[in-house]
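S.K.: Please put together the full structure from these sequences, using the hints given.
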Amino acid sequence: MAAGNVNPFNVSDSEEEAEQRQDGVNAERSPSDEAPGHSLGPFSPPAYSEPVAALLSSNRTSPSVDGIPASAAAVAGIGGAETRVSLDAIAAQLLRDQYILTALELHTELLEAGRELPRLRDYFSNPGNFERQSGTPPACKDQGVGPGGPLNRAGSISTLDSLDFARYSDDGNRESDERVAVLEFELRKAKETIQALRANLTQAAECEIPSQERKNYKSSPEIQEPIRSLEKRALNFLVNEYLLKNEYKLTSITFSDENDDQDFELWDDVGLNIPKPPDLLQLYRNSGNSLPLHRETVDVAVGVDPRDLPGDCCIQEPAQQTDIIQRQQQQEVVQELEYQISLLNSEKQSLAEQIKKLQSDIQALQRNVSSDPTATVKSAPCKEDPQCDKTPLDNGQYLDIRGVTEADDTLNTTKTLTSTTTTTDCTDGTTTATPPHNKLKFNSPQVKGSVQFDQPNRKLPPAFHQALLSFCRMSADSRLGSEVSRIADGEQSVLLMLGRCLPHIVPNVLLAKREELIPLILCTACLHPEPKERDQLLHILFNLIKRPDDEQRQMILTGCVAFARHVGPTRVEAELLPQCWEQINHKYPERRLLVAEACGALAPYLPKEIRSSLVLSMLQQMLTEDKADMVREAVVKSLGVIMGYIDDPDKYSQGFELMLLSLGDPSERVVSATHQVFIPAFSAWCTELGNLQSELIPSLLTRIEKLLKGEYGLDEHKLHIYLSALQSIIPSLFAMLLQNAPFTSRAKLQGDVPPIEVTRFPRPASPLQDVATIVGSREQLAVLLQLYDHQLQHEGTTGWDSLLWVVNQFLPQIIEIVGRINVTSSTCVHEFSRFFWRFCRSFGKIFTNTKVKPQFQEILRLSEENVDATAGNGILTKATVPIYATGVLTCYNQEEDRKLLVGFLEDVMTTLSLSHAPLDSLKASFVELGANPAYHELLLTVLWYGVVHTSALVRCTAARMFELVLRGMSEALIDKRVAPALITLCSGPEFSVRISTIPAFGTIMETVTQKELLERVKMQLASFLEDPQYQDQHSLHMEIIKTFGRVGPNAEPRFRDEFVLPHLHKLALCNNQQTVESKRIDIATQLFEAYSALSCCFISEELMVNHFLPGLRCLRADMEQLSPEHEVILSSMIKECEIKVENKGIGEAQGSISIAASLVGEDAKTKFLSKMGQLTTSGAMLANVFQRKK
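In this text, residue positions in the sequence shown follow this note's numbering: the first is 1, and each later residue adds one.
The set of hints was computed from the structure by calculation and includes no laboratory data.
Be a bit skeptical, because a hint or two may be false.
Now the in silico label distances, taken between C-beta atoms and shown as ranges [said to hold, decoys possible]: (1) THR950 / GLU896: 25 to 31 Å; (2) THR950 / GLU1142: 57 to 63 Å; (3) SER667 / PRO127: 21 to 27 Å.
Here are the simulated DSBU-like cross-link-like pairs (lysine-lysine), alpha carbons at most 30 Å apart as the crow flies [what the hints assert, rightly or not]: (4) LYS709 / LYS546; (5) LYS851 / LYS706; (6) LYS709 / LYS923; (7) LYS1018 / LYS1066; (8) LYS851 / LYS899; (9) LYS718 / LYS899; (10) LYS513 / LYS587; (11) LYS245 / LYS232; (12) LYS718 / LYS532; (13) LYS1011 / LYS1066; (14) LYS709 / LYS748; (15) LYS1018 / LYS976; (16) LYS1042 / LYS976; (17) LYS189 / LYS513; (18) LYS1018 / LYS1079; (19) LYS532 / LYS546; (20) LYS627 / LYS718; (21) LYS878 / LYS709; (22) LYS748 / LYS718; (23) LYS651 / LYS748; (24) LYS851 / LYS923; (25) LYS1042 / LYS923; (26) LYS627 / LYS651; (27) LYS1011 / LYS1079; (28) LYS845 / LYS748; (29) LYS706 / LYS748.
Here a beta-carbon is modelled for each residue, glycine too, at the ideal position from N, C-alpha and C.
M.R.: Written out as structure tokens, the structure reads:
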């Protein structure tokens, strides 16, 4: 059968492959196995017959027309003899007529009687006999369908991997009882196999300790024999059982953890082929019963007749005497065996001498009769025979199946099957290692042709010889028999044989172990002469495992690289790449992942034009079309590898678009792989092309500028993409500056080089972003950095074109872009801040102080004489302020750097306050710095400068800034520094300063849990509400209501119930009496927002009746006159609250705009938690409860 007709994969992806496999099985049936007119299926000729039939047969047994062996017919033809049909004929007839269950029962009976039939054994052990093509009716004799067709394939425990459940409907087939019987039979076989394996394991465990060590242990009782593995497992089981029975559960758990290789719930896991022994307690109680009983003894030396003593006393011999006797007997046996060995060795030496003598005689005869080559017998020296170093398993006898029949036709005589080559010079006690090529030469046709066999001096007819040899059970008619009968006689023959056999071997290997075949498949694919066979073997390699895991993929990729190194780029392009292309749209992501990884792994071994065309196109297609994140991640990494080997400058634009496409991927894994692999590789290529500064960076800056000019607002996601790309390019840019510097020619590794500080560069995202890796080594980088700092300090940048481009073109352009972004966008501020921080840390402190800071300071113009000037305040309101403060001034954390940052923030706060400018830039700076706890002390220092400032405007600004830095600050710092500063501000004469502190007090109530501090804040807020001097302060009431609405839902419930709700009720009542309509609508609007936020909180029935509902009614009275649309919403809220009160808190509101008010009650929460407690499902099932139905 041709190898191409065999499906090499047991786990097929479609039913067509399974049908093709079935066709291949049917095609393997040999015509010699079938009788005329009848199909016997895949059975070998009858090999089991009754002894009488075998004796009376003078011809080779073969099936007759009726399936009865010729031997049985011979018995039937003898007159007076009883006609007896053989069991094999009965079995054949049962299988032919489809009495499968009867044949199974016969097989079972014969197995129990120890008389197994090979026909039945082969039939029931072949799972292909129990699978039917879909739509095929039961086989009948007229159609010639063999016994492999009538039954559906049973889902046996040995063939579950090849069972296709989709072929059968839910109703099942009528042969279910037959499948059950087959499964019971296989289960019985499996249990017998397990029992036999246990017995072998027990026997092997008993033989673990060498016999000589056992003698030492027995001869020296004080030396205890080491515990065996099985004994240890048995004792562990009994000890664990004792601990569990006696409530030592924790000890049992610990004991089980320390013996995690053993299953303590199953005694069979111990591996002993013996019944389970009693527990430890029973063993302990019975241990005394085995001791010898105490008898009355009398000293024999005083003349007592031994017959007067008790019966047991006279035969009590110590156990040591028995052991000594046994050891003596064993020693005698060993001595006898050693003596026999010495005799055999002497006989062996004498035979070796005789062989040498006979060889010399044979050589003399060969010289005499050299004209007749057919009568010579040549011998091969033992040095060339690889079998001489060990005793042959078959005593040097080989069976050439095809040579026997051919020799019978030509020589008309039988030949002795003893080869002279395996008996030459093998007894001299020396062995010689033979290289592999010598072994192949030994099996070459020339040597084989010179081997002759001894001819017996007999005169039997050739037909008799042929009939006689037919009883040697050989099968050369099947595919496997044909392979076995042909011994490979060279490297080429071995490769051809492997190419034919591997497609049949792979499907029958366990899925978990198929990677063991990778070396064999690769070697055959590398060396096989036929392109078609090589293609099939590589197809097998890529489809070896249905869904390969990470380790299996690495093994396959290692094999592909080894193949590529061996065969060269031409065959890689012609043979490996087509396999990748076929799998590019495979339905399993693991297969597509293998293709993506293979493209990168094979990149160094492909022709350069293929790398930049076909492979690049394949990866681009997978990046745009594949839906699996892990596949796109692997594609990006392979693209990075391609960028490291590509040398076509025309592909730059395609690489740039691939970079932007990868950065815009929705998966974080893909974006991370882009920064780690693709961008560093692409930047390195741009550096070689010389367009890093001329094309790559300017292209990104141009795209950022277009985003800022967009008509529909700023796309922050794209801005993040471009800025993150610039950040990943910074290491390559700095490395290029070092390599193109004037001092590069002087950078030599001489003497001691100062080590690079650990914090000199930002932490790289991958080794490819490490400047040391880009430059070549850490030592080389240290030398370049030393010269770099010296150049900037003493010699300047004259003649350093690449650095001048950064200073004169790149920095001014990026600073100008910073001034145009929206300062209120915290995302934009953060992105640019991170960029400048990494830029300054990469280029160093000297560069930052001498090149970066002066350009910012020139734009900001923060000098003493211009503090009150209005002309220069415009830039202070833009994003330049927070980015300079958080991205440049925080790069280095020494004392002078911190002082510079503090002074800059104080000047900005003073300038903005005195000029009545917006505070957005200052707020952005405080928010960005406040996210890092390391700057909390520094910010409080700046704010304290504002607290004690003489200007009330500056103090108001400081009070506003406290609210921004409180979140995330420690309570100790709030208690010691923030609260005193706010109290100080409240004690001032200006009402505006006091009002500015209210948001900060509210934030403290929202974030702090310290009771003393909360009481102080509560007293301060109460003074604002109850002090008569604040009754007419409209702005104060507005700020308090706004703060209550913001912090009320998150504040402590006691503070909300006792302070917030009652005071909101009072403010609503007072607002009803407000005569100024503008103030009344302002207060009403803030009250509406506050009540909407508080309606989501749990409010007790008492508070609902006394404060919440009355406050809502007062507010509705205001809205009826001022804002009717709000009045509708308030009426709905009041109605819902009234329903909740009437139902005593278990409200079932009919639905309104304020849906949250009816859903977050404590009763609803309790009911939900009780329902959750009643669930007994697992965690996976519980997670499914909250998934949306599709």
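S.K.: Name the hints, by number, that the structure is in violation of.
M.R.: Hint check: 3, 4, 9, 12, 14, 22, 23, 27, 29 fail, others pass.
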